[in-house]
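*Asks:* These protein sequence lines are chains A and B, in that order. Going by our numbering, the first residue of the first sequence is number 353, and it counts up by one from there. Going by our numbering, the first residue of the second sequence is number 2, and it counts up by one from there.
Warning: the hint list may mix true and false statements.
[To be verified] Derived lysine-lysine pairs resembling DSS-like cross-links, with alpha carbons at most 27 Å apart:
1. A:K481 <-> B:K34
2. B:K60 <-> A:K428
3. B:K119 <-> A:K399
4. A:K481 <-> B:K49
5. B:K60 <-> A:K481
6. A:K441 <-> A:K481
7. B:K111 <-> A:K481
8. A:K433 <-> B:K74
9. B:K25 <-> A:K399
10. A:K399 <-> B:K32
11. A:K428 <-> B:K76
12. B:K32 <-> A:K428
13. B:K32 <-> A:K514
14. A:K433 <-> B:K60
Hint data in this document are derived by calculation from the structure and do not stem from the laboratory.
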Amino acid sequence: MLISKRKSGQMEMIGLVIIVILLSLGMLFMAQFALSEDGKKKIFTRKGLAYSTVSALMKTTVMDVDCTNNYGKWTKPQIGKDILEDCAKNFDYSPGGYSLYTCQGMHSCEFLEKEITLLLNETLGEWNKGYVFRSKLIKATGDKPELIMGPIQSGGGCPKSKERDGSGLFPIHTEAGLVETELFLCD
Amino acid sequence: MTETIAVLFIFFILILFGIIFYAKYQQVAFKDKQEELLAARAMDSTLKTLFLPELICSKGEAEPEDNCFDLMKLKYANETFGKHMDDYYFNIFSYARISITETYPNSDNKWVIYDKEKVKEDGNGTLVPNWDRREPTYFIVTIRDENNEQGQPEYRLGYLTVEAYS
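Could you build the full structure based on these sequences and the hints that come with them?
*Replies:* Here it is as structure tokens:
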């Protein structure tokens with residue numbers, strides 16, 4: 353009699369343990385779904401912001417400082433179309449050597465690095481976003497990409513271990529080869 | 002008998018813990034959902050603003066430029082938005098504040114093109130803010146200036162801020 357009662361008590365305990373395990377599993381699943389939905393929104397916002405940042409930067413005209421071209425004439429070059437292209441062409445002479453555009457007395461590569469650091473710091477840096485910006489030059493098909501600008505980074509950069517999103521590659525065809533610019537953003 | 006009652010008691014205690022935990026989780030999830038909806042609204046408004054014909058850089062029948070606002074349009078947008086805020090723009094942006102700030106070359110330039118705050122009347126009849134949170138969304142844009150001496154368009158750098166009120 354006593355043995356049978358003990359047995360039924362044990363069975364009930366096992367039943368309880370199973371119920372508790374099922375409840376815990378259910379809650380874990382619920383929490384997981386809730387977290388994954390939030391992630392999607394963040395990815396979308398980061399991607400959009402990264403894309404718009406590079407797109408706007410490449411179009412920006414340098415206006416506030418004195419820039420001169422090859423003939424020593426005052427000019428207003430665009431960051432992507434003019435200065436980055438010039439930097440790619442004359443990268444080998446950087447920092448002290450020849451470049452078509454000279455802004456604030458600097459070689460185009462040197463000036464570009466300084467200006468983009470400043471612009472990114474005033475926008476993404478102000479909003480406490482971590483970022484990495486870089487431009488690479490691919491001289492010929494199959495060549496190893498050569499870093500011509502950056503990495504310009506803030507907040508410890510965006511290593512692959514962090515949740516990050518990129519702007520995608522912004523390619524510019526130049527006489528020196530293909531220049532690919534990319535920005536990674538992370539929170 | 003006593004064993005069964007004890008087991009049932011523990012079982013109901015566990016169920017109670019489960020219910021309390023679930024209720025707490027639901028409270029947090031509800032808040033999160035509200036925040037998410039607000040962020041989604043801010044994002045929607047940002048996208049709508051980026052493609053507004055009243056602001057976007059266009060040239061005749063050519064394709065409009067991405068992530069670009071026309072400086073001339075910006076200067077007069079406040080007037081247009083103000084005139085039709087309730088009968089047109091409110092249906093698009095609801096309660097929100099939309100502004101464009103120039104960061105380069107002049108960081109002092111700022112244009113608030115739409116500002117509709119959720120307000121209520123307090124006991125004295127004065128209007129006080131009636132919102133709990135506002136969710137800002139940023140987008141970096143260029144501001145095209147075609148009205149310059151050289152006749153070539155110049156592009157300034159700025160950012161669009163859309164703040165949605167909950």
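*Asks:* With reference to the structure, classify each hint as holding or not holding.
*Replies:* Each hint, compared with the structure:
1. A:K481 <-> B:K34: 23 Å, holds
2. B:K60 <-> A:K428: 21 Å, holds
3. B:K119 <-> A:K399: Roughly 30 Å separates the two Cα atoms, so the pair is violated.
4. A:K481 <-> B:K49: Holds, at about 24 Å.
5. B:K60 <-> A:K481: 34 Å, violated
6. A:K441 <-> A:K481: 32 Å, violated
7. B:K111 <-> A:K481: 22 Å, holds
8. A:K433 <-> B:K74: 25 Å, holds
9. B:K25 <-> A:K399: Answer violated: K25 (chain B) to K399 (chain A) is near 33 Å, above 27 Å.
10. A:K399 <-> B:K32: Distance of about 25 Å is within 27 Å: holds.
11. A:K428 <-> B:K76: 23 Å, holds
12. B:K32 <-> A:K428: 50 Å, violated
13. B:K32 <-> A:K514: 26 Å, holds
14. A:K433 <-> B:K60: At roughly 20 Å apart (the allowed maximum being 27 Å), K60 (chain B) and K433 (chain A) satisfy the hint.
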